[in-house]
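A.B. asks: These are the residues of each chain, in order.
There are 2 protein chains.
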Amino acid sequence: MARLALTEVKALAEQVLEKYGFTKEQAVAVARTMVCGERDECTSHGVYRLLVCVSTLKAGKVNPAAVPVVHDHAPGIVRVDAKGGFSQLAFEKGLVALKQKACTNGLAAMVVNHCVHFSALWVEIEAITEMGLVALACNPSHAWVAPAGGKGPVFGTNPIAFGWPRTGQDPFVFDMATSAIARGDIELHRRAGNPVPLGWGVSPSGKPTTSAQEILDGAMLTFGGHKGSALAAMIELLAGPLIGDLTSAESLEHDAGSQSSPYHGELILAFDPRRFLGEHYEHYMKSAENLFDNIEGQGARLPSARRYEARKRSLQHGVEINDVLLDELRAL
Amino acid sequence: MARLALTEVKALAEQVLEKYGFTKEQAVAVARTMVCGERDECTSHGVYRLLVCVSTLKAGKVNPAAVPVVHDHAPGIVRVDAKGGFSQLAFEKGLVALKQKACTNGLAAMVVNHCVHFSALWVEIEAITEMGLVALACNPSHAWVAPAGGKGPVFGTNPIAFGWPRTGQDPFVFDMATSAIARGDIELHRRAGNPVPLGWGVSPSGKPTTSAQEILDGAMLTFGGHKGSALAAMIELLAGPLIGDLTSAESLEHDAGSQSSPYHGELILAFDPRRFLGEHYEHYMKSAENLFDNIEGQGARLPSARRYEARKRSLQHGVEINDVLLDELRAL
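Residue numbers (numbering that gives the first Met the number 0), protein chains in the order written: chain V, 0 to 331; chain U, 0 to 331.
Bear in mind the hints are in silico, worked out from the structure with no lab data behind them. Being a predicted model, the structure only gives us computed values, none of them experimental. Be careful, since some hints might not be right.
No copy labels: a pair is met if it fits in one copy or bridges any two.
What the hints assert, rightly or not - Here are the simulated lysine-lysine pairs, DSSO-like style, with alpha carbons at most 27 Å apart: (1) K285 - K82; (2) K57 - K9; (3) K18 - K150; (4) K150 - K98.
Construct the entire structure; sequences and hints are all you get.
C.D. replies: Spelled out as structure tokens, the structure:
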């Protein structure tokens, strides 16, 4: 393993992206996700994603010079057309309007359309909680997941993420796929020839299976049975048809076997607790702190605890990156 | 079993409530939940709830003559103070403003404060989808559910419900507790002396258990492990501190052992798909229909299918109510 400072991770990521023709502002925005991923030891969103960015580019499935356009769509909606670029820059361009609308109305939505998506939602959630707002975000992906009681892929891994701002502390944040497990984990089991636990997916005929290969040929399942399946459908609807963008099935069709990152939209909601609470703001933010105390006080952890611990380490000591991966990235 | 027409169920429920001093408009609103519950064979929200209404009233925990007050809180927020009455009338009084705000801004929130709550959220969700809007609702309850990795009750059964309007068809609606199971089911197992499945709850020392009694003494668990737990926390925050109302722990404290219905708030979001989609409305509503077709086409069911089938039966033939319960209600 090689040890890199976060500034070195940033430089590496931007360099690769710019070399492949991403504009400076696209490269900076996309690299930010990877730096955050490495920093918080979420390597699934780290620099290995550069390989996917490059292959998505080579497949003609992302616009490296996209200039997102911000539309004031409605008093409560800012719409950002990502113009076929990665989602990150579009998200960043919509933030100011999202905040202004949330503070004015109490709540507001940012719709990102026509984006290629691999961003970690928690990175975006934190950008909103830093502004003192409560945040909720979700998006479809590629259709790999069957509905409860079914056998054919309909949903994406459809993540949902939520954040609550805390004064002088890291925000309360969770970011979870509604699939039982990440597709990458099933792929790892297949490569290692190991069985997977029951509940991760079904065979092409819809039977519960422990075979990773059968699941990859069949369909993944959601977490939490019919309840997780209902949530996956909600995310599909909210961040697909409602915002005028593709469903996971349509995204996979658009992919046409190129194994690129999904192409669809994203819905982000922001709530201004000051606008909701007025003079009672301090009182009820304290009541939220009591809730967190009641969770941590009994030895349970808040959802992002592991990431924040990793972040502390990384900010002090930098991050470790696999030598082979690093060579591969530097050779790009 | 006795067979009653829905008009008879309505008359019975309103009669009992008025006899106990609920005002006409309170009685009509509260009875509507029970009629819908019986109609859709969701007897957990049916007329047996009259017993709970009466005991909650006798405990002094609900205001039978409450006149909800509607506040135009912000351009995107209508706030209804239920004034200590049941939630239903407050919800109904806020609907017109919710619709107007959602259509103007694209999305809006209804906050119901200071309500005593036993309403089925799907009843409210359907009232919103009938107006052509997409709906999302959630609320805390009494603290009976431990966070993932913990042993002490912090969350309520914290339901979340969602609805999507469909032209000429019943809406897509789900309404689910984030607890693994309803508290009533655990109570039924305890009475019958039957073990419960692992995963429903933990003993007072935090150990997984199949003993219903140990769970009632200890804590229930959420569905879906740490993911369900994260959702329960989100609901607690959104429909508690964010809207300036009680958490499930505070509601249980307020109850002071009276075993009344919970006292807290509710958050309802409405999204106007016409405002989001403009001229593309028809196209993307069709894309949502494709999603539903892809689910049903493979033999999986949409979340509310069972309720809609029951509804058809009930509208034609009326509903069956247990004789003993009916006698008990008529004797009230």
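A.B. asks: Next step is simple, just say for each hint if it's right about the structure.
C.D. replies: Hint by hint, here is what the structure shows:
1. K285 - K82: between (42 Å within a copy, 24 Å between copies)
2. K57 - K9: within (22 Å within a copy, 65 Å between copies)
3. K18 - K150: neither (43 Å within a copy, 53 Å between copies)
4. K150 - K98: For K150 and K98, the Cα distance exceeds 27 Å both inside one copy (41 Å) and across copies (38 Å).
Of the numbered hints listed earlier, those contradicted by the structure are 3, 4.
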